[in-house]
Amino acid sequence: MSAYGYDEDRVLAVGDWFSYSSTALVQKQLNADPFVWPGSASKLLLNGHSSPSPSLPTPACNQTKADKIGISCTTAPPHCSHDQDFPTIHLDYDKTYRLRLIGATSLMYVSLAFLTPPTTPYTSADPTSNTVSQPVGMEKLTLIEADGSYLDPLEVDHVEFTTGQRYSVLYKSRSRQEVEKDGVGGVYWMRVESRWRAGPSMWVKVVYPSSTSSASPPVKLFQGQKDVQLLPVETFGWVTSRLSPLSKPGGPAWWYSSPMPSDEEVTRTVVIDTQQVKFYPSGKGVKWDEDGTIFNEPDPPTAQPYLVRTFLGDIHFPTPAQFQSAMYNPTTYTYTGSPSTNPPVQDIIDTKNKAEMQAATRRKWKQGYSPTLNMYFAQDNEIIDIVLINKPSTLSSNVEIHPWHMHSHKSFTRTIQPGTFSFLRLDALYSHPAPTDGFARPIQRDTTVAYASPGAAYLNQTVPNPASEDGGWTVVRYKVDARNAGIFLLHCHIQFHLEMGMATVWTIAPDVLANRTGIYWPTAAAKNGQQTVEGLDMNYLQFDKSVSAVF
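Numbered continuously in my numbering, the sequence shown closes out at residue 553.
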């Protein structure tokens with residue numbers, strides 16, 4: 003049973019593929035000294051299939067490049083470079099389809115649209131232009147779901163999404179008469195293009211029962227021209243501010259998201275600066291830090307991870323008094339990975355500005371963070387605004403987009419703003435009697451994009467005054483629920499950025515967690531040197547290993 007009626011559904015997972023690369027090679031490049039950027043994806047994929055270039059022949063396998071990732075060109079199936087066709091979506095006449103769009107990329111942000119048949123092929127004005135010279139017709143889609151949360155219907159002509167995000171749209175297929183009238187042989191085209199960084203595009207066949215297989219994409223390229231852009235250019239935030247949760251009454255409870263707590267109900271605000279920084283003593287490595295600290299998951303894993311150590315009792319959760327103290331509420335930070343022997347102290351906010359501090363007090367600013375453990379804490383029943391600030395890169399003074407993904411359970415996308423963050427600005431936004439930023443009824447989801455402006459890297463722009471200005475900020479509102487007590491990540495879902503340290507660790511409802519897990523703590527034998535936890539098997543930390551059960 004669905005909140006929306008439709009005849010059939012289709013899963014459309016958009017991925018990205020990197021030529022002559024591998025996970026191990028990318029990790030090596032990202033952690034290298036000097037740093038090596040692996041580059042944008044070579045291809046976009048739909049359900050694992052890429053589209054051939056309309057104008058360029060498929061290049062032959064380069065064994066020199068293949069050797070770097072330990073493969074042989076001779077292992078490819080015979081004729082694989084010749085037997086290529088476009089990814090294909092098969093539709094029947096006059097049906098409503100639910101298209102489940104999945105951001106299965108590791109790096110790329112994409113825009114997707116179904117094109118209406120043009121009277122002449124799309125082409126640019128000249129070989130040096132990458133945009134087409136005639137208007138591009140795009141069919142209407144109806145957004146109905148984001149990250150598993152039903153939405154009020156919103157009509158769009160294209161959908162933008164990135165790694166970790168999911169949307170459902172309703173699409174009405176043509177009737178037999180409409181297909182015959184169009185005269186395109188029953189073959190239409192879906193277009194997917196990279197956004198917010200240079201990257202590949204993809205053509206997808208949309209095929210009706212009466213189709214002919216010889217159709218080609220409706221584009222004409224000049225000799226030597228690789229591609230053209232058909233879909234709308236990047237816009238800050240896309241339609242995120244216009245999305246709202248399902249309000250149609252009468253459905254079962256699971257149709258509906260929990261209502262977002264009001265601004266007045268927020269019990270605490272946490273501010274996290276996110277920034278690209280230099281790394282290693284040479285200053286030639288590159289990482290992403292959060293309030294001066296780079297997330298680093300040890301490899302191999304430590305014998306006793308943090309959560310296990312709390313069970314053993316050699317690390318304790320903060321007491322209520324400690325949680326309110328300066329120990330857990332720093333106002334400054336120092337970049338711990340700085341190549342400098344004396345890195346400067348950074349203010350999280352302008353503590354010398356009286357009005358700013360008063361606004362911070364009104365918004366209940368407290369970090370709830372342990373620098374020693376690199377851990378944020380969230381108490382049961384708290385309602386926390388997490389402010390994610392896009393600080394300009396210390397290398398280039400520009401900024402990128404970041405899809406922030408919260409484990410545990412969904413948060414609310416309270417607002418996404420360009421420019422520089424301040425509590426004064428946040429307070430003014432929240433104090434307005436009606437939303438001025440479009441977020442009238444924010445939705446509940448698990449992956450929210452922090453957009454980049456000013457200083458977007460893909461435009462080769464820079465933040466005008468990088469020492470004092472930001473390139474955008476985002477607020478996600480998280481309601482702590484003890485049913486999800488545990489230790490979880492809030493991280494950038496771009497895998498390259500995560501590998502480079504773009505993650506924070508949150509302990510959710512620590513007091514409840516401690517009480518709930520008490521049955522697994524060591525018995526009185528711990529006083530005699532017991533170093534294990536009942537039911538703990540170190541194979542839990544290894545892939546494809548069996549573990550012992552607790553009886």
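Worth flagging that the hints you see were computed from the coordinates, not collected in a lab. Keep in mind that the hints are not guaranteed to be accurate.
Stated by the list, open to error - List time: in silico DMTMM-like cross-link candidates among lysine to aspartate or glutamate, alpha-carbon distance up to 20 Å:
{"no.": "1", "residue 1": "Lys356", "residue 2": "Glu267"}
{"no.": "2", "residue 1": "Lys183", "residue 2": "Asp128"}
{"no.": "3", "residue 1": "Lys97", "residue 2": "Glu180"}
{"no.": "4", "residue 1": "Lys368", "residue 2": "Glu266"}
{"no.": "5", "residue 1": "Lys174", "residue 2": "Asp96"}
{"no.": "6", "residue 1": "Lys250", "residue 2": "Glu157"}
{"no.": "7", "residue 1": "Lys183", "residue 2": "Glu157"}
{"no.": "8", "residue 1": "Lys174", "residue 2": "Asp11"}
{"no.": "9", "residue 1": "Lys286", "residue 2": "Asp35"}
{"no.": "10", "residue 1": "Lys280", "residue 2": "Asp35"}
{"no.": "11", "residue 1": "Lys412", "residue 2": "Asp382"}
{"no.": "12", "residue 1": "Lys222", "residue 2": "Asp96"}
{"no.": "13", "residue 1": "Lys142", "residue 2": "Asp128"}
{"no.": "14", "residue 1": "Lys368", "residue 2": "Glu180"}
{"no.": "15", "residue 1": "Lys183", "residue 2": "Asp154"}
{"no.": "16", "residue 1": "Lys366", "residue 2": "Asp229"}
{"no.": "17", "residue 1": "Lys481", "residue 2": "Asp149"}
{"no.": "18", "residue 1": "Lys412", "residue 2": "Glu10"}
{"no.": "19", "residue 1": "Lys183", "residue 2": "Glu266"}
{"no.": "20", "residue 1": "Lys222", "residue 2": "Asp128"}
{"no.": "21", "residue 1": "Lys366", "residue 2": "Glu236"}
{"no.": "22", "residue 1": "Lys368", "residue 2": "Asp439"}
{"no.": "23", "residue 1": "Lys142", "residue 2": "Asp159"}
{"no.": "24", "residue 1": "Lys142", "residue 2": "Glu10"}
{"no.": "25", "residue 1": "Lys30", "residue 2": "Asp69"}
{"no.": "26", "residue 1": "Lys174", "residue 2": "Asp9"}
{"no.": "27", "residue 1": "Lys228", "residue 2": "Asp128"}
{"no.": "28", "residue 1": "Lys412", "residue 2": "Asp154"}
{"no.": "29", "residue 1": "Lys30", "residue 2": "Asp11"}
{"no.": "30", "residue 1": "Lys142", "residue 2": "Asp9"}
{"no.": "31", "residue 1": "Lys481", "residue 2": "Glu180"}
{"no.": "32", "residue 1": "Lys142", "residue 2": "Asp96"}
Stated by the list, open to error - Estimated spans, in silico, between C-beta atoms of each pair:
{"no.": "33", "residue 1": "Asn298", "residue 2": "Ala328", "range": "46 to 54 Å"}
{"no.": "34", "residue 1": "Ala34", "residue 2": "Trp256", "range": "40 to 48 Å"}
{"no.": "35", "residue 1": "Ser470", "residue 2": "Pro119", "range": "22 to 30 Å"}
{"no.": "36", "residue 1": "Thr269", "residue 2": "Pro129", "range": "54 to 62 Å"}
{"no.": "37", "residue 1": "Pro119", "residue 2": "Thr334", "range": "55 to 63 Å"}
{"no.": "38", "residue 1": "Ser135", "residue 2": "Gly187", "range": "20 to 28 Å"}
All C-beta atoms in this analysis are idealised placements derived from N, C-alpha and C, irrespective of residue type, glycine included.
### Query
Does the structure break any of the earlier hints, and which numbers would those be?
Violated hints (numbers, rising): 1, 2, 7, 12, 13, 14, 15, 16, 18, 19, 21, 22, 29, 31, 33, 35; every other hint is consistent with the structure.
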